Amino acid sequence: MWSGILVGLAVYALFGLVPAVANTVVSFTNYALYPGAPVNFTGFSNYTAMFTSERSGFLQALVATVVFVTAVTVAQNVIALAVAHRLVADSRWNSLLRVLVFLPIVLGVTIVGLVWILIFEPGQGPAASLWGLFGAQSAFFGSAGLAMPLVILVQVWQNVGFSALVFIGGLTAISPEIYQAASIDGVTRWRRLSRITFPLLAPAITVNVLLAVVGSFTTYNLIYVLTAGQNGTMTLGMLSFTAAFTDSNLGYGAAIGTVLFLMTLIVALPLMMLLRRREARLLT
Amino acid sequence: MTATSIRPDSRPASRQTRRKTAGLRRERFWARLATGLLIAVVFLGPVLYVVMISFESPAHFLRSPMNPPTSAHLSNFSQAWTGADLARELVNTVIYSVVGSALSTALALLIAFPLARRLVRGHRPLYTLLVVGLFLPLAYIPLFIEARDLHLYNDLAGYILLHVEPGMPLGVVLLYAFILAVPTELDEAAWLDGTGYLAYLLRVIVPLTRPALLISFLYGMLQVWNDIIGPVVLLAGTSPNLFPVTRGIFNFYGQNESAYTVFAAAVVIASLPLVILFAATQRQLVRASIAGSVKN
Numbered sequence: 055m056w057s058g059i060l061v062g063l064a065v066y067a068l069f070g071l072v073p074a075v076a077n078t079v080v081s082f083t084n085y086a087l088y089p090g091a092p093v094n095f096t097g098f099s100n101y102t103a104m105f106t107s108e109r110s111g112f113l114q115a116l117v118a119t120v121v122f123v124t125a126v127t128v129a130q131n132v133i134a135l136a137v138a139h140r141l142v143a144d145s146r147w148n149s150l151l152r153v154l155v156f157l158p159i160v161l162g163v164t165i166v167g168l169v170w171i172l173i174f175e176p177g178q179g180p181a182a183s184l185w186g187l188f189g190a191q192s193a194f195f196g197s198a199g200l201a202m203p204l205v206i207l208v209q210v211w212q213n214v215g216f217s218a219l220v221f222i223g224g225l226t227a228i229s230p231e232i233y234q235a236a237s238i239d240g241v242t243r244w245r246r247l248s249r250i251t252f253p254l255l256a257p258a259i260t261v262n263v264l265l266a267v268v269g270s271f272t273t274y275n276l277i278y279v280l281t282a283g284q285n286g287t288m289t290l291g292m293l294s295f296t297a298a299f300t301d302s303n304l305g306y307g308a309a310i311g312t313v314l315f316l317m318t319l320i321v322a323l324p325l326m327m328l329l330r331r332r333e334a335r336l337l338t
Numbered sequence: 109m110t111a112t113s114i115r116p117d118s119r120p121a122s123r124q125t126r127r128k129t130a131g132l133r134r135e136r137f138w139a140r141l142a143t144g145l146l147i148a149v150v151f152l153g154p155v156l157y158v159v160m161i162s163f164e165s166p167a168h169f170l171r172s173p174m175n176p177p178t179s180a181h182l183s184n185f186s187q188a189w190t191g192a193d194l195a196r197e198l199v200n201t202v203i204y205s206v207v208g209s210a211l212s213t214a215l216a217l218l219i220a221f222p223l224a225r226r227l228v229r230g231h232r233p234l235y236t237l238l239v240v241g242l243f244l245p246l247a248y249i250p251l252f253i254e255a256r257d258l259h260l261y262n263d264l265a266g267y268i269l270l271h272v273e274p275g276m277p278l279g280v281v282l283l284y285a286f287i288l289a290v291p292t293e294l295d296e297a298a299w300l301d302g303t304g305y306l307a308y309l310l311r312v313i314v315p316l317t318r319p320a321l322l323i324s325f326l327y328g329m330l331q332v333w334n335d336i337i338g339p340v341v342l343l344a345g346t347s348p349n350l351f352p353v354t355r356g357i358f359n360f361y362g363q364n365e366s367a368y369t370v371f372a373a374a375v376v377i378a379s380l381p382l383v384i385l386f387a388a389t390q391r392q393l394v395r396a397s398i399a400g401s402v403k404n
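Those sequence lines, one after another, are chains B and L. Everything in the first sequence is counted per my numbering, starting at 55 for the first residue and increasing by one. Everything in the second sequence is counted per my numbering, starting at 109 for the first residue and increasing by one.
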């Protein structure tokens, strides 16, 4: 029995806990990608370097991250709510549609990214033909103006099914008797939505908003596939990866990762308290 | 029922109001049909486009990509199969994801059972420690340094070992909840029979917690299967024979940027196993995702 626990905990500690903590330690060093280079503690130099001109990408990435997180969180939740509202009723067609909406999650970021690269292929892709109807042309993921909105679009497309499922779960939990009582009292559809559905959905909204915020702050795998951070899509997560594994500066990459982690906490924790308080207010 | 029937407005509807509600119902039917179709087109359309062009000849694609091909151009698939080395990459992916996730689920069970049964001192803080794992960011930079220093970098067994941990916290949380529902009388009966610890786990606990084991396994497997950063960070570019299919087709795209029909065929082949698995297990997966969201 003990050996089972110890093996399990050892794996968990070694590959889960230690790296999570060690990231901060690495951020105070000049660790390089290639082995053999001397490793020294360099204090806060990786952190001050973010604001010096030699590494100018940090502030741009900060802005890009804020844009990405805000747009993804809002769009993903609004669309997921609409989809959930449409698919909540149990019917054969709806269960098929639920499976379709969930498909991008199963396909994974690589397949999803490559599918959208084909859709937005600037020469022959269907998006290019559509643009052509209006006499327009675009490099899409290769265009400085359009790359970020498109990355946001694909990120939302990939994850909206998950949020929709959580909302469907929340909607099904609302007792049908409340709706019956409302319809007897002659409550209009809009008031039913704003006074019953929306308040009772508060726990699902909390979960979905937090998942979208934390998820969009930290993920960069889709950006890696779609643009590799080119054309204004360099978010902090992507910048951390690029600094470490393209520019071979593990220490600087880890410092950006630490800043990103702290930012996520600073945004997510008060947001969580705010949403929980809203839940308590709406549900009493 | 009785409450509504005494209300004055619930007498049999006049012909006029009936026609009105029929009209409203028809309107709602068309609205539902339209929104349903919209959802189907938005989520299936891009995928179907890729499937379509994977059957187009390159000449057809250059001329009119949006017209469905009149005859299936199957050589895209054979070219993709050999050109992207898909057979080897799919085998690699299956090994990584099945072995990695099976180990992850097995270790989760070996931890969850004694914790749920309070067989070890400090079971409560230990459980909390594992729940924390659900929120830990995947720190690729220290993980890379560990992999390099422990000789797990660019190594088949090492790559699997590095992919065991991510699925463990969810597995422990799910199994813990399921094991709590298994009556302790069963433990005692086995204890009296002299059944060994592992034999008991295998013969009694595993069958009784099968849904949780399946969800944990599927969820972990999907994570390993779809990982793209891991293969980039933990495998060297010089040994493509270790590549899983994600990095394989991503590289294939980089090398053949203009051979779109062949590339589309590679994407179709690479996603086919997942689509089949999804079709077979969609109910469990959808449930797993909801369970995964609840934990947060």
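Note that these hints are calculated values from the structure, not bench results. Mixed in with the good hints, there may be bad ones.
As the list claims (entries may be wrong) - Examples of chain B residues toward chain L, derived with CB under 8 Å:
#, residue
1, Asn-77
2, Thr-83
3, Tyr-85
4, Ala-86
5, Leu-113
6, Glu-175
7, Leu-304
8, Gly-307
9, Leu-336
To be verified - To give a feel for the contact side, a few chain B residues facing chain L, derived at Cβ under 7 Å:
#, residue
10, Gly-58
11, Gly-62
12, Val-65
13, Ala-74
14, Leu-172
15, Pro-176
16, Thr-296
17, Ala-298
18, Phe-315
19, Met-317
Claimed, not checked - If you want the ones that stay clear, here's a sample from chain B, every Cβ over 10 Å from chain L, calculated:
#, residue
20, Val-61
21, Asn-84
22, Val-120
23, Leu-151
24, Ala-193
25, Pro-230
26, Phe-252
27, Thr-272
28, Leu-325
Bear in mind the structure is a predicted one, so any value in this text is a computation, not a measurement. Ideal Cβ positions, reconstructed from N, Cα and C, are used throughout, including at glycine.
Status of each hint after checking the structure:
no.: 1; hint: Asn-77; in the structure: 4 Å, holds
no.: 2; hint: Thr-83; in the structure: 10 Å, violated
no.: 3; hint: Tyr-85; in the structure: 7 Å, holds
no.: 4; hint: Ala-86; in the structure: 10 Å, violated
no.: 5; hint: Leu-113; in the structure: 21 Å, violated
no.: 6; hint: Glu-175; in the structure: 6 Å, holds
no.: 7; hint: Leu-304; in the structure: 5 Å, holds
no.: 8; hint: Gly-307; in the structure: 5 Å, holds
no.: 9; hint: Leu-336; in the structure: 20 Å, violated
no.: 10; hint: Gly-58; in the structure: 3 Å, holds
no.: 11; hint: Gly-62; in the structure: 4 Å, holds
no.: 12; hint: Val-65; in the structure: 5 Å, holds
no.: 13; hint: Ala-74; in the structure: 4 Å, holds
no.: 14; hint: Leu-172; in the structure: 6 Å, holds
no.: 15; hint: Pro-176; in the structure: 11 Å, violated
no.: 16; hint: Thr-296; in the structure: 12 Å, violated
no.: 17; hint: Ala-298; in the structure: 5 Å, holds
no.: 18; hint: Phe-315; in the structure: 6 Å, holds
no.: 19; hint: Met-317; in the structure: 12 Å, violated
no.: 20; hint: Val-61; in the structure: 7 Å, violated
no.: 21; hint: Asn-84; in the structure: 13 Å, holds
no.: 22; hint: Val-120; in the structure: 19 Å, holds
no.: 23; hint: Leu-151; in the structure: 5 Å, violated
no.: 24; hint: Ala-193; in the structure: 13 Å, holds
no.: 25; hint: Pro-230; in the structure: 14 Å, holds
no.: 26; hint: Phe-252; in the structure: 19 Å, holds
no.: 27; hint: Thr-272; in the structure: 6 Å, violated
no.: 28; hint: Leu-325; in the structure: 13 Å, holds
Comparing the model with each numbered hint stated earlier shows that hints 2, 4, 5, 9, 15, 16, 19, 20, 23 and 27 do not hold.
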